[in-house]
Amino acid sequence: MALSERTPRTPQASRALRETAIVGIATTEQTRAGGRYGLSYALEAFREALADAGLAKTDIQGLYAMLDQWPQTGPSDPGNFRHTNWAAQLGIPIRWYTIPANSGFGSGVAAILDASAAIGAGYIDTVAIVVGQSAATPGSDRTAPWTSAELEFNEWTGTYTAAQFALAARRHMHQYGTTVEQLALVAATIRNYGHLNPDAVMHGRGPYTVDDILAAPMAADPLTRLMCAQTNNGGGAMVLTTLERARDLRAPAVTVLGGADQFSYPAYAAPPLLSPSAGGEWSRQWVRDGFAMAGVTHDDLDVVELYDGFASWIVMQWEMLGFCGPGEGGPFVESGVMALDGRYPTCTDGGCLSFSHMGVPALLRPIEAVRQLRGEIADACPDWRSGVHTHQPVQCRHVRDAEVALAVSMGPPTGGGQFVVLARD
Amino acid sequence: MQRCGVCGQWRWPPQLACPECLSEAGGWEATGGTGTLYSYSVVHRGVDRARFPGRYVLAIVELDEGVHLLTNLVDCAPDDIAIGARVRVVFQALDDEHTVYPFTLIET
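Chains as they are written, first to last, in the numbering used here: chain R, 1 to 425; chain Z, 1 to 108.
Hints listed in this document are in silico derivations from the structure and should not be mistaken for laboratory results.
No incorrect hints appear here.
Between beta-carbon pairs, the in silico distance windows are:
#1 R/T297 <-> Z/D75: 46 to 54 Å
#2 Z/E20 <-> R/R400: 47 to 55 Å
#3 Z/H98 <-> R/G54: 57 to 65 Å
#4 R/G177 <-> Z/A30: 31 to 39 Å
Idealized CB from N, CA, C, for every residue including glycine.
With these hints in hand, go ahead and build the complete structure from the sequences.
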């Protein structure tokens, strides 16, 4: 058929790349309690994110979902029929569907990048990202139930997530002189944000000092339990669409400027060496590419939502993301950059350490970034409900006039992950 | 350990093909069984208290052949352990079919 005889493309199917934006966000209760299905959390978050955006479920064309139960049975589930199960449950046709296969458990930031690519290319206009988790059973004899102990060749060693991060942390201390006090400062800073966040699982548990963190029971040396994320249940959701459409919707649009994604080694199967994660040239090009795509430099960032599964991992992420040189993460955090009055307020909701680590917490990092960019922050300031903040770190976690934010998902201690740069429209 | 039959590269964890030259040739060869401690952690809180009730030492050993592997350090006091220490393998039979490969410090 000659080109001229084909049906003309609709504007939606135009090949011109389109800018994308986040228009709806929601988190459910994040809780140590059990009793709900992962799908229950995900559906609640989905409904609330639609309401936040002022959209109906019939506006959703694409779905990026990560649950620990039906209609998905696990992150390694090949995904047969998940998409049709979802379509049946949500009562809508689904025209674009993907799963975190490219990002392990880190479904949040990768989902934003994938969804933006699909929307930007014109395949679809509007995507929902939903996560839900109900597998946490605090108080049981097992640690985080999503922790992978069943790894061929490694299971016999008693390896698990915290212990692998501990290996990387110990090596970092040996190689670069990083101190346990620096790790403890990371944990105290993030947990003190969570202390002020009424939605955090660990709300009101602080404030914490460096000594408090160091005095906690040891999990895997050098990581004390307060340097490790807790485990809980909960859900979250996000809606993305074109920036053009976003400007007509209820909430202030948050633009997806760009980002990048890279993995290097199998999570937890390969020994966690520093070389791929902290400083190798191979590990840095993707970061430069992502910042170039976003058109920003580190200096433009007002808020940084790193992935704080473990305090030591934060020290390394500053290096991996090019905020400081290899091995300089310890002194970098010691200078106070992560606090509300520091240069890069970090994990301002309390992060995985204190706000929520419900197994698939990666979406919670960009959700907090959006809240900061919108100025919708709940804290201990007397008039926070009216949007009035004191900006005193003892009671406030609102970053003043935040315009550009970085959100990160970093899965395994062997290195790699995703980041996305978001900006107030 | 696996070793590439074309370029001679040692590899761990096992892979179907060589990540250097992508050759599928090669197989398993014995190493010298000695190496250097790359990192370690005294694990106080095991992944599963039923199976790992007490403290144990998780370690990364860099074999003299250049590969790194996840293992345990056994028969040594935590205070004696330091990164860079020389270590050697001590095979331990779990049952008739399975043998594991913890390491211990080489006395100096």
